[in-house]
Amino acid sequence: MARSKDLKQPARGPVRHSLGEGGPVRRSLGEGGLERRQFLQKGALAGAALVGTPAVAAAQAAAPQAPAAPPGPSSTPIMTMAAEATPPADVQVLGENERCGSDYMMDVFKSLGFEYFCANPGSSFRGLHESLINYGGNKNPELLTCCHEESSVAMAHGYFKVEGKPLAVMAHGTVGLQHATMAIYNAWCDRVPVYVILGTHADAALRRGAEWYHGVQDAAAMVRDYTKWDDFPWSLTHFAESAVRAYRVALTPPMAPVVMVLEGGLQEHPIPKNEHLPIPRLTLPVPPQGEAGAVEEAARMLVAAEYPVLVADRLARTPNGMKLLIELAETLQAAVIDQGSRMNFPSRHPLNQTQRARAAIVEADAIVGFEVVDYWGTVNALRDQLHRSTRRVAKPTAKLISITTADLYIRSNYQDFRRMQEVDLAIAADGEATMPALIEAVKRLTTADRRRVYEERGTKLAQASRVAAEASRVAASYAWDASPVSTARLSAELWAQIKNEDWSLVSSYYSSDMTNWPRRLWNFDKSYQWLGHAGGGGIGYGAPASVGGALANRRHGRFSVAIQTDGDMMYAPGVLWTAAHHRIPLLSVMNNNRAYHMELMHVQRMCNARNRGVDRGELGSQLIDPNIDFAKLAQSMGVYAEGPIANPNDLGPALRRAIAVVKRGEPAVVDVVTQAR
Amino acid sequence: MFRFGPCATAAVLIVVASARAIDAQAGQRPPTFNVATGQSLYAKVGCETCHGSGGRGTAAGPPIAGSARQLPAFIASVRKPTGTMPPQSAQVVSDQGLADIHAFLRAASVPLAVGRVQKDPANESAPAGRVDNGAALYKKVGCYQCHANEAQGGLSGPRIGPDPIPFARFVQYIRNPTGEMPPYTEKVLTNQELADVYAFLQARQRPPAVNAVPQLAP
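Residue numbers (this note's numbering), protein chains in the order written: chain W, 506 to 1182; chain S, 17 to 234.
It should be emphasised that the hints constitute simulated quantities derived from the structure, not laboratory data.
There's no promise every hint is true.
[What the hints assert, rightly or not] Okay, the calculated bits of chain S under chain W, using three or more residues with CB under 8 Å as the criterion:
#1 49-60
#2 148-158
#3 169-183
#4 219-231
[Said to hold, decoys possible] Here are a few chain W residues that sit away from chain S, every Cβ distance over 10 Å (derived from the structure):
#5 D612
#6 A809
#7 R861
#8 L1128
[To be verified] Facing chain W, according to a computed beta carbon distance under 7 Å, are these residues of chain S, among others:
#9 P88
#10 P102
#11 P103
#12 S105
#13 Q107
#14 Q161
#15 N165
#16 E166
#17 P198
#18 P199
The beta-carbon is built from N, C-alpha and C at its ideal position, and this holds for glycine as well.
Isolated chain S (complex conformation) (with noise of 0.2 Å):
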């Protein structure tokens, strides 16, 4: 069994710290923007469930981590996307609230985009897991109820694999989660169950190409 503690706050601490200082030296922010804030503005407004932890992108939604894209654009793309996203009005989410969130994707950025410093939380690799009683677990505990017998989503819940979300956010989801589904405590899914759980997730096949699949022919 394995626990998150100091080493994630401490982790966490050195990101803000790195976010502050790039943003210091591009200017382009307002000097009252929070990392904190924004981090948990993004799991609250929902951003995690598409574009996952830290921003890296999930299945839903590609990564927005460490965007070349300049605050007012960053705003704009949310207040009026283009694809598939809600768009999130002033009152789900201000304007000072959006400059919290930029700063920490592109603090979230860091660590990737520079190959140094600590590593995100969210970005750890997880322990290892047990694919086959993963794939127990995941039946056993309804996983597939929602999100299908191969992690592929279904209508009550996103696709989670083969390429599942951070495994530190994974298991912040399913302890709190914060749409609809239920959560499930350390009593019924241990964290090391949830590793195996995971295993099986990253083991997921991947799908043929789409345009190579006569049925799927438009």
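Chain W on its own, in the form it takes in the complex (with noise of 0.2 Å):
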């Protein structure tokens, strides 16, 4: 096939660039070769039915041709002070009837609705890097400067969900995506789109010194095991239609990253500004609702059940998400556990047994799981001991349902998928989407009988509710006026300055254990205050998150706040640069507990195990000696900092003198000292 000769054909004889009258620039290839560039503008199978067609030699034969130079060394020239006054035999600029490949590129990206793109900068994608700022006016998409690829990776994962859009990220298609890779796997793993554009030149014959280092045969093969899609356009149209078929992949249910590898030379070579290359509609499809029949079923066991239990992890895609769950759980009265890696249903609602959720499920006789991770190990114990042992926590009679997109796309490779959960219906669908039915089927089936029922019931669990919550207020009394600051206190200072502000917590690395402190004090009830967790549990995802998320909260006045832990800040603190640079405001709390301190509890799990003592348990996982300044840190990079506190009765003053400071549009960071956990 003529495309794969013309790629594969290496070229010979030296390059020159050469600009004709107005025309396009063409690429001499010396004897024999095809001007490739021209080529792929069209797509690959219109250029292969036109290959050697009377009318492409022709065009051929037109185009000026550069003098052969001569070999070797002496092919450098000797800039002398001669040779610098003269002129070049070319002008080198674009011409007035031109464009680049990547100002289209541009035309279709922003035609996708793309508000940002995150990029450390890299010379695989300098051609539309370019086109962004100047042919795409850096608005809509606007260009953020980031100082790693993880944090542009993780800055669009936190953004995607407060906003419910992908954000796109360029980076190089080597360097920089080993960079991105942690955050791609964050990001997979907890099912949320990131558009990942990385850059390479693929012609070796025309690789600068560096795009050696940055060239790649399969850019996208370091992730594919965990993204949903990728490609590698050959063309400009072959682009187009893969950057929408993208877009949509990503953002069809279960979400997840994508990878678009963008050649160098298609970013860009010259094209026609008349050359008719049309952007293809995007067009989202509905995510997948379950079978009627299967619906049905589900609602008859809920109906019938004494104590249905509720589980939604992943469930609330949308703002809509937790409403819809609030109605059927008020139908039913029944227990719900949040699982948290979205913000399904509000902390303080009567319904609401996260806080008391092993019991919940020991008592349930009917559970239903949303878009549950770990089905599992909801209903299941591993007891981590020299000998690990697994138990079933809920009664083995319970009829359990699943309803998740999970069933619907799985990969081998990376275990992510959880183990797997024997459930007596399983319904392959969106959560989300399959809530209306569910609720009108219940409704449908629910009579009188059942209603009293589930009055007695939602009365009871209202009652277990309250004694959690004033469980909670006594727990965070304990140790309150500690040095280190306790982690209740830190929640409790934070949650005194911010419940009248419009507030969000963009990002608690300890989100992903329910019954971590700012889900048991504060008053969770709307879809953007919670953003669940990193999702492959990669350090290093709540900085730069914790910004994306500010980004996305910025545009609508809210409030956003981190609880922020110092082995997590230490990945890549320039993110904090980029929120001063681009006046994100986001008030980052440091919980600076001095250790990576999960990663000290195994360690020491180990040495209890093992018998051998526990005194040296901390080596290897502590951040001490020196003690790290976060606040010197942070004000290196422009952002007002205080700290580091030690004293608990420091913390309200300092923490109401930087909530003035995010008020006014910019970061700021308080350093507190913490226990452990």
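Once you've looked at the hints, go ahead and assemble the two chains, each given alone in its own frame, into the complex.
Pasting the structure below:
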């Protein structure tokens, strides 16, 4: 096939760029070389059809041919004053009637509605970079300067969870993607769409020196196990279709990151302005709804149950998801456990039994898992001792129902799909999309007798919820005056300062735990107040994801706050500079326990199990000697900061000062020296 | 250093005998209940984790020893608790098992309720411990990692101070935990060192009244 032949054929002889009169730039590849860039503009199939035609032959013949330069070292010009004073033979700038491939790419990206591109600059996508800031006007999308590709992707991750729209990330296909991989994996595990654009120069005959390091045959291979789709377009037409397809694939539940690899020449090569290159229309598929009969069966189980429990994890894709879960729960007066990957259910709703989740699971006779990542772990327990053991905690007779898009898509290599749980009814569908039909069926099947049972159940659940909430307040009062500051007091002080704001907790590292302090003490009742967690457990998510979340909140005038851990911040603290540079208002309150405490606990567990003494358990997991001064770190990047604060009585005033800064539209950091967890 | 030995065993037997006598008088339990089995189940099922040794209560759960609650009501409260306690199904512990636990709790209450006979080993006072050394050990061996610096509890472990479970149970649990906590052998932490840690836990500051803390207002 002509395309293959063209790509594989090494170009011999020197390369010259020339500009005809107002015509397109052509590249001469020397003897017998087909001008590949021109060939690529119109699409591979069209190109293939035209190869060898008289028209093409005539065009090639008409193209200016560069004279061959002498081979060897003498081909390098000797720069003398006279030589410098000599005007070049060709003026190598874009003609009035031309634009570039990346300009068209920007048209396509604009059509998809991207508001921001995040990037640490890289030459393999310099063409697109220039098109973004000049041709595109640096607006919709606007370029955000990032100091690490992992930060770029995690910012996109956090942004999506607030705004429900993906950001694009530009990166080198090699060194940039290698930095980005952890954050992509987090997004994959969290089923969050991130639109990754990679640059590479495929044509080995035309690579600059550095482009060899940045060149790769199959850039996306590195992340193919944890992305949903990728492509490496060979023409602009191909690009446009794949760009729109990638967006559609990424946004169709189960959502996930996608990768577009953009060839450097395809970005940079001029094309005629008047050349018609269509922009495909984007139509997002409707998320799959559960089959009607199966939904009816699920409703029957719920209506008949004496103690139904609704477990939600990645359920709420949109703000409507929470409303629907409230309606279903109130219709049934059923217990709800919000496992927290999304903001699924108000924390103080009387039916919220999250703080006594295990008790609810043990008692349940019907459990519905809505987009639950770890269903097995929800109804079973694993004891992590020297010899691990498992046991079921749910009743053996409890009816188990799952509604999840996870059944529609699974990959093999990475094991984020968790242990398989036998269920009585599995509905392979989107939880939120299925909810209206389920609510309707439950209402239709509910009799007056059942309604009385529901009401009794609801009264008991409300009482249990009140008891749990009061227990949390009492628990938070212990070690109230301790130094370092207790994590409960940190949360309580923060809540006291922000509860009258339109706030959003954009990151809290321990958010994977349902019993962390904000969720025990704060009143979460809006969809944007809780963004869930990293997904893959990769540290380094919190700081950049919180900046991304705050970026999305900025346009809505919301107050963004993050509880930021020290270990996480040290992965890529440069994101603080990004926040300062782009005036992203965010209050980061450091939960600075001066250690990687989760890992410290694991090491100690090994010390205990091996009975070799535990007094060295902290080695390798602490961040002391010297202590890290996060206030200075933040200040060095233009961020208002205070700390380290070890006296809990100093915390409230420091928070008030920092909040005033954030309300001015800037980021601020308050470094709090805290207890372990 | 101190050790548990025959004295503790004898005390348990006496408690068992007392319970049988009381139950015989009350005539409210099946004749086959077994206090020793109840004691074992009480630990195995995990009641002890919150309700403490002998049902005397901890920070996480109220005292349940010596409750006037009759067996059917006791079983009902375990099967369908109204608070934060996880319900225990018949698959986890049978009605017979609950009868045994009920008997054990009644038996465990005797020394306190009547103020005579033998002491429950679980209620024996701890040997003298040094708070300062306990504080150092609490940090050194990593108790703080799960239970937080002031023993107030955290994400991974419950509150264990200032009202720790009775010392004997404290030692028993640390040596052979039934939950997620890693075990500490005497090689790692001697009984005297545990007494020091226990003294540290007892010395933890009590919290302010929660309603007096404006930051904790709902």
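Against the structure, the hints:
1. 49-60: violated (count 0)
2. 148-158: With 3 residues in contact (Cβ-Cβ under 8 Å with chain W), the coverage given for the stretch 148-158 of chain S holds.
3. 169-183: Held - the stretch 169-183 of chain S has 5 residues with a Cβ nearer than 8 Å to chain W, which meets the minimum of three.
4. 219-231: holds (count 9)
5. D612: About 49 Å separates W/D612 from the closest Cβ of chain S, which puts it past 10 Å; holds.
6. A809: Given a closest Cβ separation of 18 Å, the condition holds.
7. R861: violated, 5 Å
8. L1128: Consistent with the label, W/L1128 stays out of reach of chain S, its closest Cβ about 15 Å off (over 10 Å).
9. P88: Interface hint status for S/P88: violated (18 Å vs cutoff 7 Å).
10. P102: Holds - the Cβ of S/P102 comes within 7 Å of chain W, reaching about 4 Å at its closest.
11. P103: holds, 4 Å
12. S105: Hint on S/S105: holds, closest Cβ of chain W at ~5 Å, below 7 Å.
13. Q107: holds, 6 Å
14. Q161: Result: holds, 5 Å to nearest chain W Cβ.
15. N165: holds, 5 Å
16. E166: Holds - the Cβ of S/E166 comes within 7 Å of chain W, reaching about 4 Å at its closest.
17. P198: Result: holds, 3 Å to nearest chain W Cβ.
18. P199: holds, 6 Å
Figure legend: structure checked against the earlier numbered hints; hints not met, in rising order: 1, 7, 9.
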